[in-house]
Amino acid sequence: MTAYLLRRLVWGLFTCVAVLTLVFALLRIIPGDPAQAMLGDQASQGAIEALRQQLGLNDPLWQQYVTFMSGVLTGDFGRSMSSGQPVLGQILAVLPWTLELTAVSFLIASIIGIPLGVVCASRQDGPLDQALGAICLAGISFPPFVSAIILLLLFSIQWNFFPVISDGTGSFGAWFGAIFLPALNLGLIKAAYVLRVTRSAMIEVMNEDYLRTGRAKGVSPRLLIWRHAFRNALLPIITIIGVYFGNLIGNSVLTEIVFSRPGLGKLMVQSLTQRDYTMLQGIMIFFTILVIVVNILTDLAYAAANPTVKLK
Amino acid sequence: MTDTIKFQPAGRSGPRRFVSTHKRATVGAAILVFMLLAAFVGPWLSPYAPYDQDVLRRLEPPSLDHWLGTDQFGRDVLVRLMVGAQLSLLIGFASTLFAMIVGSALGMIAAWHGRNVDAVIMQAMDVLLAFPSLLLGLVIVAMLGPSVTNIVIAIGVTSIPIFARVARAPTIAIKEREYIEAGRALGYSDTRILGGHVLPNMLPDVFVMAVMWLATAIRTEASLAFIGLGVRPPTPTWGGMIYSGFENLFEAPHLAIIPSIAILLLVFSITLIGDGLRSELDPKLRNEVSR
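These protein sequence lines are chains A and B, in that order.
Add 135 to a position in the first sequence, counting from 1, and you land on the number used in our numbering.
Add 367 to a position in the second sequence, counting from 1, and you land on the number used in our numbering.
Among the hints, erroneous ones may be present.
[Claimed, not checked] Chain B side only, calculated, beta carbon under 8 Å to chain A, not exhaustive: (1) ASP421; (2) ALA497; (3) PHE613; (4) ALA623; (5) VAL634.
Derived from the structure by calculation, the hints contain no laboratory data.
Just so you know, even glycine gets a beta-carbon here, dropped at the ideal spot from N, CA and C.
Using the sequences and the hints given, assemble the complete structure.
What follows is the structure, given as structure tokens:
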């Protein structure tokens with residue numbers, strides 16, 4: 136277990152270094168002068184030179200690389216080109232909003248997706264299974280901003296159930312009103328994935344010999360499904376949560392934009408319109424490290440959920 | 368997977384059997400054909416041009432003159448939608464093709480050479496996979512500039528690892544087979560064996576994955592355009608249309624809804640086809656996840 140953990144950590148570290156190198160390279164393989172690209176066509180020669188100096192673009196490449204890497208290591212992601220504030224601080228300031236949204240949407244996805252997936256598997260190819268299967272395909276097809284706009288139109292503008300824009304502070308009601316629609320939007324799309332995985336995992340498990348033995352022994356179908364089959368089907372479900380984490384981040388970004396919710400998505404779009412490349416680079420580094428950490432955690436959860444898993 | 372024996376009910380074969388056993392995929396294909404026709408024939412039939420502005424008729428709801436209404440510049444939404452479809456389809460197909468070719472080549476080379484080559488290539492794929500794909504696409508487009516080629520590259524790059532994985536697994540299995548050894552004994556070059564004998568055997572897997580990813584690619588293009596990184600206005604893109612409709616959501620909700628439905632239909636139809644093809648390829652995989 137310890138050896139496995141170590142290996143995973145080393146792998147994660149290696150991936151981080153590789154990704155950081157890629158991010159570093161990305162800024163430097165742009166055709167032309169990055170400073171020019173950042174400042175636009177109308178920039179004066181002096182401004183470009185000043186920016187080159189600030190970004191350290193006049194230093195030799197290896198020195199730039201060392202500065203960049205040691206900066207990341209010490210938590211210095213550089214300063215935002217538009218506000219002058221440290222990038223990391225700005226990211227951490229909006230992070231709770233995004234994490235909160237992600238967590239609540241995961242909850243919604245699990246509450247909807249897992250039980251329905253189990254039901255589908257136990258009534259395989261029945262009318263309910265067929266119908267839910269089609270609905271899932273539709274759910275997977277929804278670009279997140281499309282479903283977000285539809286929810287916003289219906290629940291906030293047409294029926295006035297929820298405020299169009301809210302900072303979600305003051306009371307539980309306000310918090311709920313602000314988070315419900317965005318989380319529902321992400322949760323429903325995610326639920327489609329969770330349902331499909333749960334269903335196929337359950338079907339796989341239900342063909343196992345020990346379940347037939349259970350049935351022959353007269354274990355009640357409910358007990359058989361939830362206690363005997365479901366626990367083993369849990370593994371792929373956990374994996375899927377990790378695998379789609381990166382996907383979920385992209386979806387959160389789009390959802391935050393539609394619902395005008397503060398968070399990493401809004402920060403990112405803001406830095407895009409302001410051509411704030413250091414901020415973009417910082418967000419990218421941050422997200423990537425987050426994804427790698429989640430991947431490692433997923434592996435560990437996988438091991439914890441099933442002690443028979445031989446950690447290789 | 369390549370060894371599966373396919374059973375066919377007596378009396379039915381080929382496309383007809385596919386239609387009867389895959390109703391969903393057939394529905395998907397019908398929608399897709401309709402959309403292709405609308406995209407490439409529709410604009411010729413429309414009395415309007417996608418860039419014609421009519422300032423007196425801004426933000427009009429659907430009417431007999433403008434079947435799907437007009438946008439904030441008084442342009443006909445229907446013709447813009449149809450021209451926008453061309454772009455969505457073009458970018459979707461091109462980026463998927465790009466990822467399919469580069470990804471499968473990398474996967475095959477990794478599996479064929481094994482050991483270090485395999486380790487390096489697949490590790491690189493893992494690294495690429497660690498980036499949230501929308502973010503990676505976004506950064507690439509933001510840096511290179513939003514032209515069709517750059518968007519194709521950005522979306523394509525994010526899906527290369529998937530194809531590398533899909534191509535790698537069957538290659539590993541196939542390369543141990545006798546006929547490959549026979550090829551080697553006959554002195555065939557690696558390229559000839561890979562291209563002529565390995566590739567055809569795994570093409571179905573790669574192709575099905577390509578259909579599934581086509582849906583994702585179209586969705587990603589729309590997402591990029593929605594964020595403001597699509598092909599520059601006034602060129603119509605669906606994501607861009609949804610975004611400008613979103614800005615006028617209170618006055619003219621149809622501007623956001625109509626392209627939303629279009630995109631949903633297109634992605635849904637391709638997903639249906641991909642799902643059907645996949646279950647045809649391997650019944651065990653039915654209803655497994657796709658991204």
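Hint numbers contradicted by this structure = Checked against the structure, the only hint that fails is number 1, while the rest are satisfied.
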